[in-house]
Amino acid sequence: MLDKIGIAKRIAQEVQDGYYVNLGIGIPTLVANYVREDIEVEFQSENGVLGMGPFPFDGEEDADIINAGKQTITTLPGASFFDSATSFSMIRGQHVDLTILGAMEVSENGDIANWKIPGKMVKGMGGAMDLVASAENIIVAMMHTNRAGASKLLKRCSLPLTGVGCVKKVVTNLAVLEVTAKGFKLLERAPGVSVEDIKKATEGELIIDGDIPEMNI
Amino acid sequence: MLDKIGIAKRIAQEVQDGYYVNLGIGIPTLVANYVREDIEVEFQSENGVLGMGPFPFDGEEDADIINAGKQTITTLPGASFFDSATSFSMIRGQHVDLTILGAMEVSENGDIANWKIPGKMVKGMGGAMDLVASAENIIVAMMHTNRAGASKLLKRCSLPLTGVGCVKKVVTNLAVLEVTAKGFKLLERAPGVSVEDIKKATEGELIIDGDIPEMNI
Amino acid sequence: MISKKVNNVQDALKGVNNDMTFMLGGFGLCGIPENAIAELVKKNVKGLTCISNNAGVDDFGLGLLLHGKQIKKMVSSYVGENDEFERQMLSGELDVELIPQGTLAERCRAAQAGFPAIYTPAGYGTEVAEGKETREFDGKMYVLEHAFKADFAFVKAWKGDAAGNLVFKGTARNFNPVMCGAAKITVAEVEELVPVGELDPNQIHIPGIFVQRIFQGQAYEKRIEQRTVRQK
Amino acid sequence: MISKKVNNVQDALKGVNNDMTFMLGGFGLCGIPENAIAELVKKNVKGLTCISNNAGVDDFGLGLLLHGKQIKKMVSSYVGENDEFERQMLSGELDVELIPQGTLAERCRAAQAGFPAIYTPAGYGTEVAEGKETREFDGKMYVLEHAFKADFAFVKAWKGDAAGNLVFKGTARNFNPVMCGAAKITVAEVEELVPVGELDPNQIHIPGIFVQRIFQGQAYEKRIEQRTVRQK
Chain P
1045 MLDKIGIAKR IAQEVQDGYY VNLGIGIPTL VANYVREDIE VEFQSENGVL
1095 GMGPFPFDGE EDADIINAGK QTITTLPGAS FFDSATSFSM IRGQHVDLTI
1145 LGAMEVSENG DIANWKIPGK MVKGMGGAMD LVASAENIIV AMMHTNRAGA
1195 SKLLKRCSLP LTGVGCVKKV VTNLAVLEVT AKGFKLLERA PGVSVEDIKK
1245 ATEGELIIDG DIPEMNI
Chain R
1045 MLDKIGIAKR IAQEVQDGYY VNLGIGIPTL VANYVREDIE VEFQSENGVL
1095 GMGPFPFDGE EDADIINAGK QTITTLPGAS FFDSATSFSM IRGQHVDLTI
1145 LGAMEVSENG DIANWKIPGK MVKGMGGAMD LVASAENIIV AMMHTNRAGA
1195 SKLLKRCSLP LTGVGCVKKV VTNLAVLEVT AKGFKLLERA PGVSVEDIKK
1245 ATEGELIIDG DIPEMNI
Chain D
302 MISKKVNNVQ DALKGVNNDM TFMLGGFGLC GIPENAIAEL VKKNVKGLTC
352 ISNNAGVDDF GLGLLLHGKQ IKKMVSSYVG ENDEFERQML SGELDVELIP
402 QGTLAERCRA AQAGFPAIYT PAGYGTEVAE GKETREFDGK MYVLEHAFKA
452 DFAFVKAWKG DAAGNLVFKG TARNFNPVMC GAAKITVAEV EELVPVGELD
502 PNQIHIPGIF VQRIFQGQAY EKRIEQRTVR QK
Chain U
302 MISKKVNNVQ DALKGVNNDM TFMLGGFGLC GIPENAIAEL VKKNVKGLTC
352 ISNNAGVDDF GLGLLLHGKQ IKKMVSSYVG ENDEFERQML SGELDVELIP
402 QGTLAERCRA AQAGFPAIYT PAGYGTEVAE GKETREFDGK MYVLEHAFKA
452 DFAFVKAWKG DAAGNLVFKG TARNFNPVMC GAAKITVAEV EELVPVGELD
502 PNQIHIPGIF VQRIFQGQAY EKRIEQRTVR QK
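Protein sequence lines correspond, in order, to chains P, R, D and U.
First residue of the first sequence? That's 1045 in this note's numbering, and the numbers climb one at a time after it.
First residue of the second sequence? That's 1045 in this note's numbering, and the numbers climb one at a time after it.
First residue of the third sequence? That's 302 in this note's numbering, and the numbers climb one at a time after it.
First residue of the fourth sequence? That's 302 in this note's numbering, and the numbers climb one at a time after it.
No lab work stands behind these hints: they were computed from the structure.
What you were told as hints is all true, and nothing was included just to trick you.
In silico PhoX-like links for lysine-lysine, alpha-carbon gap of 20 Å or less:
#, chain 1, residue 1, chain 2, residue 2
1, P, Lys-1167, D, Lys-374
2, R, Lys-1226, R, Lys-1212
3, U, Lys-441, R, Lys-1212
4, U, Lys-485, D, Lys-441
5, D, Lys-373, P, Lys-1167
6, D, Lys-450, U, Lys-441
7, D, Lys-441, P, Lys-1212
8, U, Lys-373, R, Lys-1167
9, U, Lys-374, R, Lys-1167
10, U, Lys-450, D, Lys-441
The shape of chain P in the complex, shown without the other chains (with noise of 0.2 Å):
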């Protein structure tokens, strides 16, 4: 089973030279220490920067230059700074080759629920909507189960949705899932995880087929 850390590295496996990529808060924040250094990348973030680099040292941070978590952080080389409507021109016009984000719950055709939880204080959707409609990449970071040891991985979300089948890919503590026309096809196993454990933990369609091989992290 993985902690944060190793769905994050997880996720970073599927970062390839030249991407562009859009992380989200959380989970997918991390993913950005565990890419291959031998790849180039580039990180860009809604509120309007492109080639964002790590958090400025003590003392060298500037309220000027945020990321869409509104955490300070330093550009790298060949960066460039955007207004809102270019930012999203980026990530609706497709520009953006991998989106990762956290959910609450994907159900087995793509859908996804992130933003809102009725009856609890709602904070607002940010970029996820854009985000989730328009990328052709989509994975997204969570725990397969929630606190309560409930699915999370669903035949139908059952909080709002955020986005509409739009969901590729689904990396958990427990397992590396594909969503496909026929529901949630098992890819990897997690270490020490088995195949019992992951049926018994989805609730939507799970599609196992042969040997299901452990993840290599």
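Position chains R, D and U against the provided structure of chain P, taking the given hints into account.
Just chains R, D and U now, kept in the frame of chain P:
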């Protein structure tokens, strides 16, 4: 009766302090030379410049700095360059206060035709259709009649339209006319031109209300 | 050169009134019009509709207007980080319309550029699209979203000149440029009002035609919401 | 940093083929991709559809492609200044679609930004709107115009870097920025390819994400169409 320069001089009186102005090719271009010197006006050209100045001195022309007529120009302090989408945001978004352009025909309801003569080589509308569809304040500069002596102020345009119901004012070699719901309202006569002369030269509905003053140029 | 310069924030906010709709630039607390917000607090105008990506924090940014119960409705994409906001929203005192961030940006840009509405894929199939027209183009579904209408846009730039030309810095740019010219009156406050002619005409982010009033801002706090650093 | 740099115009034009649709930046002869056009002439690709505000003059710009009868269709707003163009159009060899200049710009921008279509007032009530959907918003009529689809966009910038970032000069900017990222592959040629990091991130007109290939252009002629001067 006015010549082209006279028409330009009369239109220049319509330009008010604080106006952003877009000038078409031909007579409209001349208007810039006769704007009062005690007011502040900025000229926009739809190829992407705001704050145009006079032509450059001989030897100082820059191939990268032209107006929409493809003429080499200069810029004044406070000028800016921008892309074509931004340029038409200024026009479509009604940030340009006054548009002055030439026409082949204007109808009594404010339609304008100035881009195409069937059977002849068509050069295109350039930015004219965007300008006339968006501008709140459009003044047409033209001769009252064509070379054959036929009126260019018509009940209905005979040529393919550039825009519908958009012209607010027409300044010709004979008169200044306002386009109203009831037709062309005669506002001023050119020096030495009688109301009768204007009547004869106007095919569209002409409204003559009281004494018509002579222009003061 | 048409001058847009006004002497101070008081002159810049002339005509501001109760029940108006405002656009306010900024993302989080980054690039917000601090001077305009402070003056709106002083003027104590009420019943406002505010279009702004975020709603500030409890004691800064739009949180200051929320504190005085000046805002009737917020149109935003993300409104966390603000307890008073949550209280007013849950009690029903505050009306909140949440819309996707890219939609918010483009509805501003539509107003700026004279487009009545846009088709965006964002929110299709979600409650954001409820009651809205949807339409298929090339096998993909889109939602029709209308241009905003606002009385004032308050934006903050890094540098500007009397002609109204603006240059922004870093990610403090964000929504500020798309709000310029998107309201009846655009008020720009700048950290540095430079002499006309000093800004390179080639490097102006917003030409002055989109700005009606500009003034030299004072005493910028530029608060950082999430100070994240690494050690040397 | 993701490098977009290619060594020369030949590499930049790999994949270019007969019957493709191209976008070409420039207004008149100002800011046109001279190197790409010259190479297209050499490659002698035929049956092209070219989206470009103008069609060059007889012996320069797109006129060079017209001369070789390489263009099947032009989509432009203004095509004067070109005798060969007129001859081919009147003889029926060349198909011409004339559209308003602002519509042309925005149909490019729609493709760049992922919008399927836009509503513009330009051309309503004219033959440009014939056969197109029209619609009223707030008492004003608009025409629905669709995003362009193109295989290559050829643009010309003043400065650029290997990351694909571009800076334009003066009115040579024009349609170039709105065409970046509006085709499957955007090829940028620059007068000066500068080291990565030299361009101020705050002053980049087009971020590299919108550009797939960039190369150092050669021997720019930058011809002036209407040399207008005054005497000292």
